[in-house]
Amino acid sequence: MNKSDLLFKALADPSRRKLLDRLYANDGQTLSELCEHLDMTRQSVTQHLDLLEASNLVTTLRRGREKLHMLNPVPLQDVYERWLAKFEKPRLKALHDLKRRLEGADT
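If you count the sequence shown from 1, position 107 lands on 266 in this note's numbering, and the numbers rise without skipping.
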């Protein structure tokens, strides 16, 4: 499976999106801290985190005996630039043109 497919697979699951939301709110959490706010087993959370790590949405850092999980927004920015930003450009250009026409009508 390529990186893009893995990224979209990771984002497709609501539990994984909730994990990403938790990391966005408080980055650098341990598995135990993440499990406190989820209604699933520790094993399930671990499996979801494994997929998030494989898709590069989550990175980890060892601090002593703890393993901290951190959000990596770079893949999301890549998706935005590749698929979403190009759809914004025509809309923003239309708004800019409308603004210029309206401001020209006032003078």
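Hints were generated in silico from the structure; no laboratory data involved.
Do not rely on the hints blindly, as some may be mistaken.
To be verified - Straight line, CA to CA, 25 angstroms or less: simulated DSS-like cross-link-like pairs of lysine-lysine:
(1) Lys-258 to Lys-245
(2) Lys-245 to Lys-168
(3) Lys-226 to Lys-248
(4) Lys-245 to Lys-162
(5) Lys-168 to Lys-226
What the hints assert, rightly or not - Label pairs and their calculated CB-CB ranges:
(6) Lys-258 to Lys-226: 46 to 52 angstroms
(7) Gly-187 to Leu-210: 32 to 38 angstroms
(8) Lys-245 to Glu-192: 33 to 39 angstroms
(9) Glu-247 to Glu-195: 33 to 39 angstroms
(10) Thr-205 to Ala-253: 44 to 50 angstroms
(11) Gln-202 to Leu-251: 28 to 34 angstroms
(12) Cys-194 to Tyr-239: 28 to 34 angstroms
(13) Trp-242 to Gly-263: 31 to 37 angstroms
(14) Glu-262 to Lys-168: 44 to 50 angstroms
(15) Met-229 to Ala-253: 36 to 42 angstroms
(16) Met-229 to Arg-250: 31 to 37 angstroms
Backbone N, C-alpha and C define an ideal beta-carbon position, used for all residues, glycine too.
Hints, verified against the model:
At most 25 angstroms may separate the alpha-carbon atoms for a hinted pair to count; Lys-258 and Lys-245 meet this at roughly 21 angstroms. Distance check on the hinted pair: Lys-245 and Lys-168 sit about 22 angstroms apart at the alpha-carbon level, within 25 angstroms; holds. For a cut-off of 25 angstroms, the pair hint linking Lys-226 to Lys-248 is broken: about 41 angstroms separates their Cα positions. A hinted pair counts as satisfied when its Cα atoms are at most 25 angstroms apart, and Lys-245 with Lys-162 qualifies at roughly 21 angstroms.
About 24 angstroms separates the Cα atoms of Lys-168 and Lys-226, which keeps this hinted pair within 25 angstroms; it holds. A hinted range of 46 to 52 angstroms holds for the C-beta pair Lys-258 and Lys-226, which are about 50 angstroms apart. A hinted range of 32 to 38 angstroms for the beta carbons of Gly-187 and Leu-210 is inconsistent with their spacing of about 19 angstroms. At roughly 38 angstroms, the beta-carbon separation of Lys-245 and Glu-192 lies within the given 33 to 39 angstroms, and the hint holds.
Between Glu-247 and Glu-195, the C-beta spacing of about 37 angstroms keeps the proposed range 33 to 39 angstroms intact. Distance hint for Thr-205 and Ala-253: a CB-CB separation of about 47 angstroms, consistent with the stated range 44 to 50 angstroms. As the Cβ distance of Gln-202 to Leu-251 is approximately 46 angstroms, the hint placing it in 28 to 34 angstroms is violated. Checked against the hint of 28 to 34 angstroms, the C-beta distance between Cys-194 and Tyr-239 comes to roughly 30 angstroms, which is consistent with it.
Taking 31 to 37 angstroms as the suggested C-beta distance range, the pair Trp-242 and Gly-263 conforms, at roughly 34 angstroms. Taken as a hint, the range 44 to 50 angstroms holds for the pair Glu-262 and Lys-168, whose Cβ atoms sit roughly 47 angstroms apart. For the hinted restraint 36 to 42 angstroms between Met-229 and Ala-253, the CB-CB distance of approximately 39 angstroms keeps it satisfied. Against the hinted window of 31 to 37 angstroms, the Cβ-Cβ separation of Met-229 and Arg-250 comes to about 33 angstroms, which satisfies the hint.
In summary, the structure is inconsistent with hints 3, 7 and 11 from the numbered list given earlier, while agreeing with the others.
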